[in-house]
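A.B. asks: Sequence:
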Amino acid sequence: MSFHDLLQADAARVQARLDAALAGLDDVPVVQAMRYAVQGGKRLRAFLVMESARLHGVGPEASVSAAAAVEALHAYSLIHDDMPCMDDDDLRRGLPTVHVKWDEATAVLAGDALQTLAFELLCDPALGAAERRLALVAGLARASGAQGMVLGQALDIAAETAPAPLTLPEITRLQAGKTGALICFSAEAGALMAGADPAPLRAYATAMGLAFQIADDILDVTGDEAATGKRVGKDADAGKATFVSHLGLEGARARASELVQQAENALSPYGDRAAALIEAARFVISRQS
Numbered sequence: 001m002s003f004h005d006l007l008q009a010d011a012a013r014v015q016a017r018l019d020a021a022l023a024g025l026d027d028v029p030v031v032q033a034m035r036y037a038v039q040g041g042k043r044l045r046a047f048l049v050m051e052s053a054r055l056h057g058v059g060p061e062a063s064v065s066a067a068a069a070v071e072a073l074h075a076y077s078l079i080h081d082d083m084p085c086m087d088d089d090d091l092r093r094g095l096p097t098v099h100v101k102w103d104e105a106t107a108v109l110a111g112d113a114l115q116t117l118a119f120e121l122l123c124d125p126a127l128g129a130a131e132r133r134l135a136l137v138a139g140l141a142r143a144s145g146a147q148g149m150v151l152g153q154a155l156d157i158a159a160e161t162a163p164a165p166l167t168l169p170e171i172t173r174l175q176a177g178k179t180g181a182l183i184c185f186s187a188e189a190g191a192l193m194a195g196a197d198p199a200p201l202r203a204y205a206t207a208m209g210l211a212f213q214i215a216d217d218i219l220d221v222t223g224d225e226a227a228t229g230k231r232v233g234k235d236a237d238a239g240k241a242t243f244v245s246h247l248g249l250e251g252a253r254a255r256a257s258e259l260v261q262q263a264e265n266a267l268s269p270y271g272d273r274a275a276a277l278i279e280a281a282r283f284v285i286s287r288q289s
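Per the working numbering, residue 1 is the first one in the sequence shown, and the count goes up by one each step.
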């Protein structure tokens with residue numbers, strides 16, 4: 001299967017797993033908001049989980065709960081990041097954000113519930129022996145907490161009132177937490193399920209995650225709102241320091257391409273078996289949303 005076919009197939013499997021996890025809950029606003037928040041998206045993180053698992057001989061039936069956990073965690077982060085006290089966005093994936101469609105209290109609770117659902121999904125016995133499930137739980141906790149996504153978001157908020165714009169190293173550190181940490185966990189998950197060394201996948205995902213964020217900064221300058229599904233031009237309007245503001249548009253594109261090459265090189269231990277992961281790295285800088 002091609003990369004795009006695999007991406008779509010894995011997305012469908014993950015959506016079915018999330019739908020099943022949410023199916024038995026009461027049909028109240030907070031659950032409606034949870035179901036709304038886990039619809040759509042590229043599912044790139046889920047693909048990384050499932051493809052890294054395939055790379056280690058772990059099939060989709062065994063890895064889908066971990067992929068769904070990552071997507072539930074990601075959806076929680078988007079709900080909270082979009083709120084007025086954070087990034088204050090009203091559009092996500094071409095639709096009103098959760099706090100706009102419902103209200104802020106429902107958005108907080110829906111995000112909280114999706115975060116806890118992520119860790120419930122990692123308890124699925126299909127993911128393997130207890131010690132491997134514990135490794136997944138610990139890895140996702142680190143990636144999403146004060147060493148990862150939460151730290152990155154806190155640094156992002158602090159930058160809004162900082163006396164000077166962030167330097168390039170500071171932006172890199174911020175994005176390594178806010179965006180890169182969950183991408184890294186996603187790519188390492190297959191190795192954790194198999195009890196294998198995750199180091200090559202960590203190197204791959206570290207470079208890929210930074211390329212992903214540079215591509216986001218480029219899309220904020222060049223993207224079309226209808227294609228991206230979210231507001232564009234916000235960073236420039238806010239005078240926010242980005243990879244584009246530091247490197248220029250062409251410099252940012254060149255840096256993203258360099259990082260994709262680094263990501264590809266990191267996969268050399270796997271040979272031709274890593275072809276789909278290589279295509280995923282190339283995809284992050286060619287996407288339009």
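No lab work stands behind these hints, which were simulated from the structure alone.
Be aware that one or more of the hints could be misleading.
In silico DSBU-like cross-links for lysine-lysine, where the CA-CA straight-line distance does not exceed 30 Å [unchecked claim]:
no.: 1; residue 1: K101; residue 2: K234
no.: 2; residue 1: K42; residue 2: K240
no.: 3; residue 1: K42; residue 2: K101
Here are the in silico distance ranges between beta carbons for each label pair [to be verified]:
no.: 4; residue 1: P96; residue 2: E160; range: 39 to 45 Å
no.: 5; residue 1: A9; residue 2: T222; range: 44 to 50 Å
no.: 6; residue 1: Q8; residue 2: E120; range: 32 to 38 Å
no.: 7; residue 1: G57; residue 2: Q8; range: 19 to 25 Å
Don't be surprised by glycine CBs; every beta carbon is placed ideally from N, CA and C.
A.B. asks: With reference to the structure, classify each hint as holding or not holding.
C.D. replies: Evaluation of the provided hints:
no.: 1; hint: K101 / K234; result: 21 Å, holds
no.: 2; hint: K42 / K240; result: 26 Å, holds
no.: 3; hint: K42 / K101; result: 22 Å, holds
no.: 4; hint: P96 / E160: 39 to 45 Å; result: 23 Å, violated
no.: 5; hint: A9 / T222: 44 to 50 Å; result: 30 Å, violated
no.: 6; hint: Q8 / E120: 32 to 38 Å; result: 26 Å, violated
no.: 7; hint: G57 / Q8: 19 to 25 Å; result: 23 Å, holds
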